[in-house]
Structure formats: C-alpha cells, structure tokens
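Q: Input sequences plus hints: build the corresponding full structure.
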Amino acid sequence: MLLQLRNIFKWVQQGGQRVFLLKDINLEVQEGEFISIMGPSGSGKSTLLNVIGMLDTFDEGEYDFLSESVHTLKEKYRSNLYKEYIGFVFQSYHLLDDLTVEENLEMPLLYKNIKGSERKALVADMLDRFNIVGKKDLFPAQLSGGQQQLVGVARALIGKPKLILADEPTGNLNSQQSEEIMQLFKKLNEEEGVTIIQVTHSEKNAEYGSRIINLLDGRKI
Amino acid sequence: MIKNYIKIAWRNLLKNKQQTIINLLGLTLGTVSCLVILLYVFAQLGYDQHHNEAASIYRVETIIERDGQESFDSATSSPPIAFALKDDFAEVEEATRVVLTDVFYSPLIRAANSEDAYYEPRVYLADSTFFKVFNFKILEGDVKTALDEPNAVVLSSYISNKLFGNSSPLDKTVVWGSGDDALTLTVKGVYHEKAYKTHFNPSYIVSMSTPGMGTFVQNFQSFATNNFVYSYVKLRPNSSDVGLQKKMPQFMEDRGAQDLRDAGMSNKTLELTKVTDIHLYSNGRKNQLDRVSNSTYLYFLLSLAFFIQLVACINFINLSTARASKRAREIGVRKVVGAGKNALMRQFLGESLLLSIFAMLLSIPIVILLLPLVNDITQESLSYINLYQWHIVVILLAIGVVTGLASGIYPAIVLSSIKPVKALKSSAILQSGSGTFRKALVVFQFVISICLISTVIIIGQQFKYAQTKDLGYKKDNLLALRVGTEESSKKFESLKASFLKVPGVLQVSSGNYSPSEIILADNGFYLPGGNKENKTVVKRNGVSDGYFNTMGIELLKGRDFSAADTVDQIIVNEATLKAFNIDIENALSATLMQSYGDEIDELRIIGVVKNYHFASLKEEIQPLFLHKETEPNWVVIKTKTDNYGQLLQGLEQQWKSAVNNIPFDYRFVDKEVEKLYEEEKRLGFISVGFTILAIFISCLGLFGLISYVAEQKKKEIGVRKVLGASVQSVVKLLTKDFIKLVLIAFVLASPIAYYFISRWLEGFTYRIEIKWWVFLASGVLVMVITFLTVGLQSLKSAAANPVKSLRSE
Ligand SMILES: Nc1ncnc2c1ncn2[C@@H]1O[C@H](COP(=O)(O)OP(=O)(O)OP(=O)(O)O)[C@@H](O)[C@H]1O
Ligand SMILES: [Mg+2]
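Protein chains in written order, with full-length UniProt numbering: chain A, 1 to 221; chain B, 1 to 809.
Treat the hints as calculated values from the structure; they're not laboratory data.
Hints may be right or wrong, so weigh each one.
As the list claims (entries may be wrong) - Using 27 Å as the maximum straight-line C-alpha spacing, the simulated DSS-like pairs for lysine-lysine come out as follows: (1) Lys-136/A <-> Lys-618/B; (2) Lys-578/B <-> Lys-618/B; (3) Lys-3/B <-> Lys-135/A.
All of these numbers come straight from a predicted model, not from anything done at the bench.
A: Encoded structure:
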C-alpha cells in the first residue's frame, strides 16, 4: 500500500464558523494505481490533492504514506518525503520562465543534491524520452502549451517519484494535446508502475484511470 | 549547486534591471563611502608606533587647574622636568626635550655659501638624546651622536634638497636666522621626513646645546614657569606608567614647591601621555607640536559611513520584500519540486551577496579615482597603496559579506516562508512580508535624512557665524608681514614710513604676534597688596602705537601708547579687568604686580580695549595685556585697494630695498582666521557630501518602492480612472502613505538630531543657538524631495491609459 487517508477533515474559520473543505475523507491507494478525482468546481479536488501531496495540512484524521504517519511528521521530514516520492503536474504548468527547458528539468535534482555528472545524464535521458532534445535551450515562453506540459511532466518524473499528482494537467490544452498527455500517463502507469492521481473535469480523461473518486462539497460520494 | 545559485541570481538581477541598478548604485555608493572613510581613519591610526619600544615612551604634559575655569591643559612643560624625572626615578631609562623655536626665532635658513634664504617653519631644538629615544629614517650621518655638539643640525631630506640639491650636506654649514642673531650650524645628518607616521614634523633639528634658546633651556631651573618645552621620557621595560604617574605630585612637591609658590602656580600637575596616543587622543591639550587628529571626528565619520551603508541595505530589503509577491510563483514551484526552506534562503542570500560583493569590487576603482579629491579635502596623502593593507582588504571583504547578509537575511526569510499552495493559485494576491516592517524601514531612512540635513544646516550656520562674528577687530583688508629678523625688526620705523608711501596702504603698525596667531606668552599678575603666590595668568602681546587703530580695536578707556611709554605702561582688555575685579571707571588708576623671586614690578594700566578674539572662537576670550614693543615680529598693514597685485609689489619693493635677503612673507589676516576653522570646515564639507549621498540613496529606494507600488496598483488605478477618478486623486492615493511616513519620521528625528547637534555645539564657546525651524525645514525638505520622487512616478502611472493596463491583465 502506497498511502492511506483515514477520516481526514480540513476546515477554515470564517465569520466564527467552521467551513469544511474536506469532510471525513477515507482513501486507500495501492502502488501502481491510476486514480481520477472528479467533482464540480469548488468541491475540494485540489485541496485533497494538495493534502495528499503534503503541500497542505489537514485538521483532523490520519495520513500514512509508505507506512510513515504524515500527520505526526515534522515539516522537514515531510518535505524530504515528498521530495523523494512525489512529483507534481499543474494545470498551468508552472515552469520557471527564467530557466531553459534543460534547467527546469535539472532543478528538482539540484534540491536532491545529486552530483553534476549524474544530473546531466538524467536530464539528457529525460529530454530524449520526451523527444524534446531540440528544445532544451529554449525558455518556456518559446514553447506551445502542450510542449510546456510535456516539460512539466518530465520535471515531475525526473526525480523518479512513486506517485504523480496532477491537477487538471490538460485543463489548458486542446484535445489532441490532452490525448498525448493522457497516453503518456497511461504508459508511465502501465510500463513503469508509477502511481498516478489526477484531477480532471473530463469524463474521457477520467477513463484512462483505473478508479474514479467523486467529490461533492468536500465529501467523497 | 553554488554555480547554479550564482547563475540564477545573475539572471534574476538582469531581469529586474531597475531594482538591480538601484540596489547596486546604493550599495556601491555606500561601500565607496565606507572605504574612503576607512582609508582616512586608518591613516590616522598607528602614529608613532615605529619607535623602539614605542609603548614605553611618554610625553610629560602640564595641567594647571584654574579656579572656576576649565583647567589649562598643555602638551608642554617646564624645561628642567624631563631630566629631573630621569635623575629621580629608576624606571625612567632616558629623557629628551624638544623646543619648537618658531615663536622665538624666525625660521630663516640658508646654506652658508649661498644668499638664498628660506622661511621654513617647524624648527626644533632637541637634546642629544632625541634620536636615542625616537626613531627616524636616517639617510646620512650618525644621528646617535649628531646632536651631541653645540651648533649641530640634522636636516630633513626636503630641506637638504632645497639647500644643497643632490649633493651630500654632511659637515657643510648652514646659517640659521639673520643679522646679529644668525647662527652657523654644521649639518650632522639627514633624515627622511615622510618615512613614518609621527607627531613630529620638523624641517630641521638643532642641538639643544647651541647658544641661545637652547642653552637657556638647558640652564633654566624653575619647575613652574616657561612651560614651552616638550618633554619625553622613556621607561624601562616592565616598569609601570601608572606607578610613575602616582609619584608625580610628590615629585613636583620635592623638586618644585618653591618655584610653584613663587610663580603662583601651586595647582600645576604633570601627566604622562603615551606618545602613541598623541595623534588621536590628545586633542584637548593645547600647544601641540603639530596638527593632531581627533578621535571624535573619526567616530563621527565612521558612523556616517555606517548610516549610508544602512540606507543602502534598507533599500535592498524594501525592494526585495516589496517584490516578493512577484517571485511567489517561482518560490512555490521550487518548493513543490523539492526545495527546502534552507535551500531557498541560501539562494536569496546568494543574490544579495552577489550584489554586495559586486558593489565592493566596483568601489575599489571608484575610490582610486576619488583619491585626489579625498586628499584635497582631508589634507592627507592617501594613495592606492593604502588600499592594499591587509586589514583594509579584510575589512572591505567583511563589509561586502556583512552588507550582503544584513540586507539579504530578512527578504530571504520572508521569501522562503511563502506557502506553495497559496503561491501557486493563479489568482492569489500575496501579502508577503509585513508591510509594517517595510514602513518602519522607510521611516528610519527618513529619520536619518532629516537628522543629517538638520545637522548640516547647523554646522553650516555655526561655521558662518564663526566667519562673520564680530571678532572685535576688522580682519578684512588686513595684511600681516613677517619681520623675521632682529635686523629688520630694528628698522621697523623706517619700514613703516616707506610702506606708507605705497598706494593703497592706509595704516601701518606692528605686534609680536600676527593677528589670529596663537599667543603663547603670558605673565602672572596679582593686585597690589595681594598674595603673590596666587597669580592670575594674563596673555601678553607687544605692539606699536597705532596698533589698535590699524586693527580696528575699540579703545574703551584711556589712551594708545605714545613715544614716551616703556614696558611698565600696559593696556588691558575687558577680560583682564574682570579677572581682577577692577571697575572700568577706576581702571586707569589701577596697577598690576608681577614678581620673579624677590624682584617686584608694578605695571600701570593706561588704557582698556574692548574684548577681541585674538584666539579661535572655540575658546573664551582670555585676559590679555599689551605693552609697547619697539622690535616687533610682525608688521600689520591696513589697506584699501582694488589691485592687490600692485600693492603687494609695492610693499615687496620697499621691503627688498630695506633689508637684505629676507623673504617677503605676508599673509591676509582674514584667510588666516579662516584657517582656525579648517577642521570645522573640513567636517562641514564632508558631512554635506555624505548627507547628499545618503539622501540620494534614500530617494533611489523610494523611487524603486513607489514604482513597485504603482505597478501593483496598476489595475486599481485603471479601474478607478475608468470610473472617473482624476489624475490628482490617483496621485494622492499613491503618495499619501509616504507623506504620513515623513511626518512620523519628522517627529522621531527632531529630538534625536537636537541631542546630537547640541552635543557638537558644546565644543564651541561662542556658538549659535539651535532654532526650531531648522528641524522643520529639514522635515519639509525631505517631504518635498519625497513628494517629487514619489509624485513624479505616480503621476506617470496616473496618466497612463487605463484601457491598456486593464487589457494586459
Ligand atoms: N484558504 C481557503 N480559505 C477559504 N476557503 C478556501 C480556501 N482554500 C480553498 N477554499 C475553498 O475550498 C473549496 C475547495 O476548493 P478547491 O480549490 O479544492 O476546489 P476544486 O474542487 O479544486 O475546484 P476547481 O475545479 O474550480 O479547481 C472552494 O470552495 C474554495 O473556495
Ligand atoms: Mg482545483
């Protein structure tokens, strides 16, 4: 088992009242699963994803990741944990505009203190695999949306994570580009056993996954 | 990793050009100020360290307590004291004395075989032990024995070159003085005058055993009077200076009790000052051998440098934190891909360090270019070589690093604490870094500016006051001409007659001192029937008749000197009357008594002059008496002309035809008076310069900040304008916060500035009053500067087309 959420609650105080963002979420994810989270806007999909990705905290409940209890971990260990095992892909790519494609890919490795020569090799590998060797010296602004997202996925993968969290990865792409990204996810999932959790609004994209989780008002239905 | 940080930092700096330029300019100017001031300060350190066992050499100084007045502290002491100390105390290994002869002899010198004579002031008489105690860089001769014989002289290489060119002067003869006074001296050595930093600055050194003043000093026995000798003692290794200091009162009691009573100086004590402390820490002592520095000024300069650098750091902090929301996404992304807080801190600190170290490197060539200007202002001879002293390099490096860290640490903390979940939300409006802290820093900058401006205004006012204050005499169009020798002194009456023939000369008279020259001579007086052991010291000057008229000094009572007067008739100033409690109405019937042992003289007051400032305005006007002098040292000439060239030429012609081979050495009295305030002038100049710099750097920061605020509010401004807001109201929206900050700063700065300025003014006996409007004016000035900086920038954004800024969203 990769991770398990038990009775997760998350709320914010508003006007002296608790507004629940997540209510009693229970979720078990096995390694190698491909899960799609769906639900109307504002139902808490991104919030859930961020909690799973340890970017956000929760107020109640328990969270185990690879048999570590995340809710008791100190911030520092938590960040080591996600640095090691989790990769993120965003709807708006979030590549750094000042860095070239190559440098964007290299960045996660820098923070993992991987040696220069090894970094070079890993980046070259990734560029090769995604067929973007020719683009390595370009800046994000010089790429199409699909290409940018390709780089985004590559960046998420380069640290060899066990889990990829993708928040509407195709939200800004046209259907052909979406298709490509989804195929890529599927391949990664099937051939390399990477666990994927994606948020999507599209039924079609959701079909790529092996399981669909529906959210409504912060609650799993 | 480091390479990557630098690469990213570099790109970031390039990307935000305006911010980078503002920061770089500020930090560079700050570092340049620090470096210049450090160079100057270091040049003032380490004086007299080069002597063998410098730490055990002391100058014996004189403290005379005066009832109800500030004590009189002099760097000098009575002639027999130095060697008596050596005789009496085992811990004194050697003693030596120096006499500055300039006030006794005219410093006229020529090679014996030449007629070309030069006035070269700063002539020392020194004991044969002088070179055994003090080290000079000797170019020729054996100085250990050079001063053993009478009529021996050791020349500085400067004088040696002037008199003998490149040939060796050893055993050649020079003539010192002229006429009947002239002495023939044999050159026994040459030293390099600029080899070491030392409080000695002689043109040449004559052996003490030379007949005249030297032998007078050698034979003089009183421990009380003639306090004009610089006495030095060298202690044996491991002996205690504190211990010796404690024995001083007993020593004076044993050796000089009778002398002190006879001279009426029973409250005279001795104090030992380390020679290594003379240059920096003996400023309170009067009668210094040469210009000394003042540690207070150095602290003042250092704090100026500190504040300027601080202002630059504040700019960096403000601009970096203000821009934090722009970088929020970058930070969010970095965190998501695995950057820890520490890694991000390192990155941001790297950016500020890169900038500050770059500024540090830039400052070096800039300072080298500025050195001539710095030397001009400070009268130092700093060169780029001074830059390569290891401690300067180390401190400069430290400044670079500390500046980088100090300005980088807060932004680094703020930026690295940004939460990625928030930062990555596309619509997030980020309140990063507390705006209050930024405001506090801006207020702090304003406080510094207001303090500096008001300080500068008051320094300027005080300086102007000193220059225009009624000195009690008319310094304008007044010329002082050095008589120089006894021979020419005797010719005063005929000189006067011939000078009066020169067109433009109104009046001619004479005195023993040039106006504004420090008067060293004094006599102790007591009232008839009074106690002769309790004398009051009165300064002394000898003048010709007509002196008061020429000088424009008001005679309040009695008459000027006449031909029949002798030295027993005196004219006194008001301060003297006050010191003896004599009513001005009875002054002309009063007499003053003086005594030497059993000999008693009674001097009759024939006139009273209004108090005039014969010394610097820093000192209170002291009691002064004037007697008739027929062989004066200076001719004082009142002139009225449009053509000084012609007038001077005329005077010189008359001079040349009256005396032989004596240089025509004149000065304008108003210029000399100005020289009394050179230190203040320098200080004023420096503070104005740095103040402008500090304000400029603050303005840069404000400019950056307001551009940023304007950019941030672009959308708001656009919306408002679409809804019909006027340009004025938009400007107001942007500027009102800053104006509020200036007001707060004004309230804070005024008392702080008041405190420091009044402390500074306390150093002047005659000083201006601090006016409240100075602070108001400074506040208003800062307000205006702020409004211009901020206002112009916001006007620009207010005038921008709103449709454009809304569309780009
Ligand atoms: N810090 C916060 N304070 C208050 N409410 C919040 C906060 N963060 C999120 N919410 C609310 O929580 C709810 C869930 O937000 P979330 O971003 O998870 O929705 P989502 O399902 O991802 O929606 P979308 O499909 O539009 O991206 C929303 O109603 C949002 O307004
Ligand atoms: Mg969402």
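Q: Take the hints in turn and mark each one as holding or not.
A: Outcome of the hint check:
1. About 74 Å separates the Cα atoms of Lys-136/A and Lys-618/B, which puts this hinted pair outside 27 Å; it is violated.
2. For the given pair, Lys-578/B sits about 20 Å from Lys-618/B by alpha-carbon distance, which is consistent with the 27 Å threshold.
3. Note on Lys-3/B and Lys-135/A: the hinted pairing holds, with a Cα-Cα distance of about 23 Å set against a maximum of 27 Å.
Violated hint: 1 only; the structure is consistent with all others.
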